[in-house]
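A.B. asks: Here are the chains, one letter per residue:
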Amino acid sequence: MSNKPAYHGGIVILISFAIAFILTMLPLSDNIKIYRPEWLTLVLIYWCVALPHRIGVFSGWCVGFLFDIHSGSLLGQHALTLAIIAYLSYKLHARIRLYPLFQQSFIILLLVALSQMLILWINGIAGETYGDWSYWIPSLTSMLIWPWLFYLMRNIRRLYGIN
Amino acid sequence: MLNGIRSIFGFVIYPLQTIASTPSELSLWVEEEFHSHQSLIDENETYRTENLLLKAQLQKFTSLQAENIRLRSLLKSSRKLSDQILIAETITVDLDPYKRQIVINKGQRSGIYAGQPILDAYGIMGQIIHPGGPSSTAILITDPSHAIPVQNNRNGLRTVLYGTGSANLLEVQNLPNNADIEVGDLLITSGLGGRFPEGYPVAVVKKIKRDPGQPFAQIIAEASAHLEQSREVLLVMNSDRKIPKNDAQEHTQTQNNTNEAEQ
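First to last, the sequence lines map onto chains S and V. So for the first sequence, the working numbering puts the first residue at 1; every next one is plus one. So for the second sequence, the working numbering puts the first residue at 1; every next one is plus one.
Same shape as in the complex, but just chain S:
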């Protein structure tokens, strides 16, 4: 075994982020829109936990930056938020891996709610409006979708032997 382990499957990681992007952008009707999970945050957390040596703060920043470009939000607000989320999931990755799925979901709830709170703070400073309680629904739907996403992503990761 050489000193530098050969990383592979980078393309799969990129595609997973691309799919998360598309799911985030997909036009939905106003009634369903508020339930949309935070796909980007979830996929980022998964990769940070599964491959902490490859995906981390910098990847989180890049993904957030691209999302800022897309959504027309303040340039850097999602970049900052996702970088912080990536840092936290990197710090917690050893624990999160040991938790049963049910318990993991609660950590996810906290992380996604934190990311939403950071966005809300930045929006507040920039003088933008806040809707109502439905703003927080994505945290709950993200928590509910996490176990399935986790299984799916783990199978994909094993299938392509990404490490």
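These are computed hints drawn from the structure, not numbers from a lab. All figures in this text were calculated on a predicted structure; none of them were measured in a lab. Glycine included, C-beta positions come from ideal geometry on N, C-alpha and C. Accuracy of the hints is not assured; some may be wrong.
As the list claims (entries may be wrong) - Have a look at the derived ranges for each label pair, beta carbon to beta carbon:
(1) G4/V to L144/S: 56 to 64 Å
(2) L159/S to H35/V: 40 to 48 Å
(3) N44/V to R158/S: 51 to 59 Å
(4) M1/V to R158/S: 42 to 50 Å
(5) I19/S to M1/V: 26 to 34 Å
(6) R154/S to M1/V: 37 to 45 Å
(7) P147/S to S24/V: 26 to 34 Å
(8) S145/V to I19/S: 27 to 35 Å
(9) H37/V to F58/S: 52 to 60 Å
To be verified - Far from chain V, by Cβ distances over 12 Å, these chain S residues were calculated:
(10) R54
(11) G72
(12) L88
(13) Y90
(14) R95
(15) F106
(16) L149
Chain S is already provided as a structure; the job is to place chain V on it using the hints.
C.D. replies: Only chain V this time, still in chain S's reference frame:
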């Protein structure tokens, strides 16, 4: 500089946006493709009648315009009567749900610039804020951070319309209680501020609440443009800007001759 960064990285995002908008475009295509023969005939019929009506109105418009120019030249006031229009399509993607923005499929390559007004067949929709390479982001007049100078079409009363953030509503914040404004009044762009061309419909006054305890009347207006439905949008080109050659055939001029009243 930040806009430069946005337009560069916009190229990375554009393919993803295109993919994300495919399902809704596909459903539209299917709908169009499987239209029944009868409904097409019906539709054609309606368009023909509408066309006839519009042409008849246009005849009157031409003579009125000529008269207007004559009168204005008598008054020695100048006014540009021609606006160049470029047509773009919206890309259906969801953006920040707490902002009112849309993405359109034309960018700097077609000569689009920041601050350019966009409209649909019914009125002003908003303006471009981030012109990208292949696509651009536009802010709608209903965005809470947007304001547009307007005047009342009935009596010329000037004011400013602010976005509220809700789907179709705008508000007038600074008209006193005794201002001459009524439910049903049409508010048109006043052309002040130099950003929006003068005389396009913006909104219709929907509700007025005059509370004697408050210094200003609470006035809610409904946008004339179909902000959430329009697929094709029109971009008004500023007349002193050059249009790139490859897009020239897409441009139509509302008036062929650039009439200026003052000769």
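A.B. asks: Decide, hint by hint, whether the structure agrees.
C.D. replies: Hints, verified against the model:
1. At about 41 Å, the CB distance of G4/V to L144/S disagrees with the hint of 56 to 64 Å.
2. Under the hint 40 to 48 Å, the C-beta atoms of L159/S and H35/V, about 44 Å apart, fit the expected range.
3. The hinted window of 51 to 59 Å between N44/V and R158/S holds, with their beta carbons roughly 58 Å apart.
4. Between M1/V and R158/S the Cβ separation comes to about 44 Å, which falls inside the hinted range of 42 to 50 Å.
5. For I19/S and M1/V, the Cβ-Cβ distance of about 32 Å falls inside the hinted range of 26 to 34 Å, so the restraint holds.
6. At roughly 42 Å, the beta carbons of R154/S and M1/V sit within the given window of 37 to 45 Å.
7. P147/S and S24/V have their C-beta atoms about 30 Å apart, which keeps the hinted 26 to 34 Å range intact.
8. Taking the beta carbon of each, S145/V and I19/S are about 32 Å apart, inside 27 to 35 Å as hinted.
9. For the pair H37/V and F58/S, the beta carbons lie near 58 Å from each other, so the given range of 52 to 60 Å is met.
10. Once the 12 Å rule is applied to beta carbons, R54/S is consistent with being away from chain V; the minimum gap is 20 Å.
11. Consistency note on G72/S: stated as away from chain V, yet its beta-carbon is not over 12 Å from all of that chain's, at 5 Å minimum.
12. Its beta-carbon lying about 23 Å from the closest one in chain V, L88/S satisfies the requirement of being farther than 12 Å from that chain.
13. Distance check for Y90/S against chain V: the nearest CB is about 25 Å away, which clears 12 Å, and the non-interface claim stands.
14. No Cβ of chain V comes within 12 Å of the Cβ of R95/S; the nearest lies about 33 Å off, and the non-interface call holds.
15. With a minimum CB-CB distance of about 25 Å to chain V, F106/S clears the 12 Å threshold, and the non-interface call stands.
16. Distance check on L149/S: its Cβ is at least 19 Å (rounded) from any Cβ of chain V, clearing the 12 Å threshold; non-interface status holds.
This entry does not satisfy hints 1 and 11, going by the numbered hints stated previously.
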